[in-house]
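Undergrad: Chains A and B, in that order, are what the protein sequence lines are.
FYI, in numbering that gives the first Met the number 0 the residues of the first sequence are 0 to 311.
FYI, in numbering that gives the first Met the number 0 the residues of the second sequence are 0 to 321.
There may be inaccurate statements among the hints.
Stated by the list, open to error - Computed from the model, here is a short list of chain B residues facing chain A with C-beta under 8 Å:
hint	residue
1	G8
2	E215
3	R320
Said to hold, decoys possible - Facing chain A, from chain B, some residues (calculated, C-beta under 10 Å):
hint	residue
4	Q52
5	L53
6	T55
7	E102
Calculated from the structure, these hints are not laboratory results.
For each residue, glycine too, the CB sits at the ideal point set by N, CA and C.
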Amino acid sequence: MTDNVIEVRGLLKLYGTTRAVDAIDLDIRRGEIFGLLGPNGAGKTTTILMLLGLTETSGGTVDVLGFDPVRQPLQVKRRVGYLPDAVGFYDHLTARENLRYTARLLAIPRRDAEKRISDAMESVQLADVLDKRVSTFSRGMRQRLGIAEIVMKKAEVAILDEPTSGLDPHATFELLQMIRGLKKAGVAVLISSHLLDRVQSVCDRVALFNRGKIALMGTVVELANKVLGAGHPILVEAHGIDVAGALRGVEGVQSVVAEGEGGWRVVADRDVRAAVAQRIVSSGGSLTRLDDLQPSLEEVYTRYFEEERHAA
Amino acid sequence: MPRSAAREGSPFTGLGPVFLKEFADHLSSARMMVLMLFVIAFGAFPVASSLQQLRTVTESDAYLFLRIFTTAPDRVPISFVFALNFIIPVMAIGLGFDAVNSEFNRRTLSRVLSQPIYRDALLLGKFLGGLATLAVVLTALWLIVFGAGLLLLGIPPRGVEVARGACFLVAAIAYGGVWLAASLLFSVIFRSTATSALCALGLWLFFFLLWPMIAEAVTIAFAPAQIRSAEEFLAVEQVGLVLSRFSPGALFSEAVIGLLNPETRTFGSMLPAQMRGVIPGAPLPLDQSLILIWPQMTGLIAGMIVVFAAAYVIFQREEVRA
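For reference, chain A alone in the conformation it holds in the complex (with noise of 0.2 Å):
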């Protein structure tokens, strides 16, 4: 038995000619949170399909759970919570009633449905709508009520479509805590998003789609890496000195370039904020402002396609 809840090796999807998914491998782990980017049609939705045996695949295999969604569709679809793009309920029904109905598509006995559907409304703080029609709801709610059929259904894995998708601030991040709930209860979550820096926040690890192919698979401070270069970059800001000269005797500064006014960023192999600082202060500088520039996703992505288009 391995960690690994999701297993995909060499999968495949042809529409025509087109390679909408080009053999990739991918892997995700029992109770981390893993994100699927790239820009739309990148192929992570067909991905996500193949995953759930909602759609067919072309080829390759997959093993969610130790089973094949191809010919156990029925005990992948039991243990993995979907929550597709812009989820829908229905809304002539209320919350109570969608979710009924789906505890009886599960089988789950009836008495043991009410408590557990109760129990996911409270875990996403819908207690109090539970018996208002879905008709009522906004945008946040429904995807809250999705998340609470996840809950309910106790999910291993739970699979999540754009997610934070035309969401208000506020209501992405209670989404986003509720993500983070779901991996504290042990579940394996995978997000699909092209909101990058949202997606950041919660995610373990994640993998870049471009054109069908996985371009880039790791944490993001390993994606950092691997486009923006290995380096430690911070930001200073000082005046009354030449900064540029005084920092390049500073031991690890790899390089020191002006970036906007009175701003220099410094790329180091280590952490060097405090030797930095010591070297501008004692030159007779004086100091303004001194960051450490985590690497963003967002850098990372733009980079990465900025580059794909200049290969081109």
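Starting from the known structure of chain A, fit chain B onto it as the hints suggest.
TA: Just chain B, lined up with the frame of chain A:
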């Protein structure tokens, strides 16, 4: 796409919940109220008029109860059965035209299909839910007509009349099933509910208004210029009958005539040789009537299955993504 490995698990997993939900949705929907009003408006009038006329009948009639269904009163020249001939398709289309595409448009389809069910169960559950609703409405209607007959005619129906009436109900449900399957097919093909409703209604109008004329025109076109013998006449007539029977409405009408007019022996003409020994106007026993309409009944049920199968095949190949 070749798929050598068989999928596991019953295709009917989850059929029960889908069926129950569809059935409950139909019964509680506003659309159902509208359809009921429609049925009452179009059904009550012929029944009331024919009852009024039948009360004045003094000669004895062994099948008086069945006449409620088939009498076309003088003032309202449509019988209840004729009214049903277009009420049932409209009702069936009303129940089915948005069965699948509305799930798609509300974006519930992928969420429901991500639960442990196959598409088979979803489609079959929707069909059976609609058919059960149709059966409930038609049975209620049938009981109302029988009840009204009891009250206004003051005589109880005989056992054989009830049996013929029950067979008629089965035929009516099968006829509804054909149109339900057709509207389900359109709801799978078209993403827009309006287009699917329009196509289903268009198909119905085609069969209801245009097809009889087309069948006639084709028959005349192929008939010899001069019909010289009875055999020739029968052959031409047979062509016309076969053509007209492509319309489910024609099948239903013939089945109903055979069931509710026990005197019916054939739907075409009879040669003098065939008439030998026949007492004109004498009713057939029920089992003989059933044998007479058996092809029509199997035709209706087969049509329902074929159309449903087409919807099934297309739905299996459809992409679930929006």
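Undergrad: Run every hint past the structure and note whether it holds.
TA: Comparing the hints with the structure gives:
1. Restraint check, G8 (chain B) versus chain A: the minimum CB separation of about 4 Å is within 8 Å; hint holds.
2. At its closest, the beta carbon of E215 (chain B) sits 46 Å from a beta carbon of chain A; the interface hint therefore is violated under the 8 Å criterion.
3. Hint on R320 (chain B) holds. Least Cβ distance to chain A is approximately 6 Å, under the 8 Å limit.
4. Checking Q52 (chain B) against chain A: minimum C-beta separation of about 44 Å lies over 10 Å; hint violated.
5. Contact between L53 (chain B) and chain A, as hinted, is not supported at the beta carbon level, the nearest pair being about 43 Å apart and thus beyond 10 Å.
6. Here the hint on T55 (chain B) is broken, as its CB sits about 49 Å from the closest CB of chain A, past 10 Å.
7. Hint status for E102 (chain B): holds, given a least beta-carbon distance of 8 Å to chain A, under 10 Å.
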